[in-house]
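Next come the chains, spelled out residue by residue.
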Amino acid sequence: DAKTTQPTSMDCAEGRAANLPCNHSTISGNEYVYWYRQIHSQGPQYIIHGLKNNETNEMASLIITEDRKSSTLILPHATLRDTAVYYCIVRLNNDMRFGAGTRLTVKP
Amino acid sequence: NAGVTQTPKFQVLKTGQSMTLQCAQDMNHNSMYWYRQDPGMGLRLIYYSASEGTTDKGEVPNGYNVSRLNKREFSLRLESAAPSQTSVYFCASSDQFPGTGLQETQYFGPGTRLLVL
Numbered sequence: 003d004a005k006t007t008q009p010t011s012m013d014c015a016e017g018r019a020a021n022l023p024c025n026h027s028t029i030s031g032n033e034y035v036y037w038y039r040q041i042h043s044q045g046p047q048y049i050i051h052g053l054k055n056n057e058t059n060e061m062a063s064l065i066i067t068e069d070r071k072s073s074t075l076i077l078p079h080a081t082l083r084d085t086a087v088y089y090c091i092v093r094l095n096n097d098m099r100f101g102a103g104t105r106l107t108v109k110p
Numbered sequence: 002n003a004g005v006t007q008t009p010k011f012q013v014l015k016t017g018q019s020m021t022l023q024c025a026q027d028m029n030h031n032s033m034y035w036y037r038q039d040p041g042m043g044l045r046l047i048y049y050s051a052s053e054g055t056t057d058k059g060e061v062p063n064g065y066n067v068s069r070l071n072k073r074e075f076s077l078r079l080e081s082a083a084p085s086q087t088s089v090y091f092c093a094s095s096d097q098f099p100g101t102g103l104q105e106t107q108y109f110g111p112g113t114r115l116l117v118l
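Order-wise, the sequence lines are chains A and B.
If you use our numbering, the first sequence corresponds to residues 3 to 110, in order.
If you use our numbering, the second sequence corresponds to residues 2 to 118, in order.
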């Protein structure tokens, strides 16, 4: 599976959009981009995934560049409860490799 | 529908002791996984089971054994615990997108916090 690079930490004001970047320059053509988050010490929670096209669900939007070498997770209106570690993962099948992720802090 | 459950929630062991971590899922998923998470780090895959009756090593399998007891249950055993195995252990399950072999999203349990003295 390809390796990902994410900033260590980010801050966001409550109510504003949080844009979390991820670089995956070695991604192969059939690998998906997944985003999970982990709130405090709970088990990771699935957010969204995509292959080539941008995706949106009730939690977030995923923007994947045309060359697929990077992506951005967008939380449109961040709340205090969105404070968590966000993991960007590229995977083909069973072996899902988590990096250190981005610690997002949403501030009042 | 409880999702993925893990027992115990907490455990303290002495070096050399053995124990089994239990995991069960009620979503009828074919695949199950065991991860460990050390402080300040992401999750690392220990073992996974793509389907009932099969198991495969992940990134960090040394010191662990697994058993896929049936479709619902996947246990992780530490035969001789070491302080380096102090960690939080997460179990997860997923299923396949029909016809593709690609795994769907993984659903995680609440974790087992293990301290080895």
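Don't take every hint at face value.
So the derived label-pair ranges between C-beta atoms look like this [stated by the list, open to error]:
#, chain 1, residue 1, chain 2, residue 2, range
1, A, E16, B, P62, 35 to 45 Å
2, B, N31, A, T74, 30 to 40 Å
3, A, K5, B, N31, 24 to 34 Å
4, B, E53, A, N32, 24 to 34 Å
5, B, T8, A, P23, 34 to 44 Å
6, B, L118, A, T67, 45 to 55 Å
7, A, H42, B, T8, 40 to 50 Å
8, A, H42, B, T106, 13 to 23 Å
9, A, D13, B, D39, 41 to 51 Å
Quick partial rundown of chain A residues pointing at chain B, CB under 7 Å, derived from the structure [unchecked claim]:
#, residue
10, C14
11, G45
12, G52
13, F100
14, G101
15, A102
16, G103
Simulated from the structure, these hints should not be mistaken for lab results.
Just so it is clear, CB atoms sit at the ideal spot from N, CA and C, and this is done for glycine as well.
Structure-based check of all given hints:
The hint said 35 to 45 Å for the Cβ distance between E16 (chain A) and P62 (chain B), and at roughly 42 Å that hint holds. Range check, N31 (chain B) to T74 (chain A): about 32 Å between beta-carbon atoms, so the 30 to 40 Å window is met. Separated by about 27 Å at the C-beta atoms, K5 (chain A) and N31 (chain B) satisfy the suggested range of 24 to 34 Å. Checked against the given bound of 24 to 34 Å, the beta carbons of E53 (chain B) and N32 (chain A), roughly 26 Å apart, stay inside it.
For the hinted restraint 34 to 44 Å between T8 (chain B) and P23 (chain A), the CB-CB distance of approximately 38 Å keeps it satisfied. Evaluation of the 45 to 55 Å hint for L118 (chain B) and T67 (chain A) yields a pass: the beta carbon distance comes to about 48 Å. The supplied range of 40 to 50 Å is broken by H42 (chain A) and T8 (chain B), whose beta-carbon atoms lie about 20 Å from each other. Here the CB-CB span from H42 (chain A) to T106 (chain B) is close to 21 Å, well matched to the stated 13 to 23 Å.
Checked against the hint of 41 to 51 Å, the C-beta distance between D13 (chain A) and D39 (chain B) comes to roughly 25 Å, which is inconsistent with it. Here the hint on C14 (chain A) is broken, as its CB sits about 21 Å from the closest CB of chain B, past 7 Å. Interface hint at G45 (chain A): satisfied, since its Cβ lies 3 Å from the closest Cβ of chain B, which is below the 7 Å cut-off. Hint status for G52 (chain A): violated, given a least beta-carbon distance of 12 Å to chain B, over 7 Å.
About 3 Å separates the beta-carbon of F100 (chain A) from the nearest beta-carbon of chain B, less than 7 Å, and the hint is met. Of the supplied interface hints, the one on G101 (chain A) holds, with its beta-carbon coming within about 5 Å of a beta-carbon of chain B, less than 7 Å. Hint on A102 (chain A) holds. Least Cβ distance to chain B is approximately 5 Å, under the 7 Å limit. Interface restraint check for G103 (chain A): the shortest CB-CB distance to chain B comes to about 6 Å, inside 7 Å, so the restraint holds.
The structure is inconsistent with the numbered hints 7, 9, 10, 12, although it conforms to all the rest.
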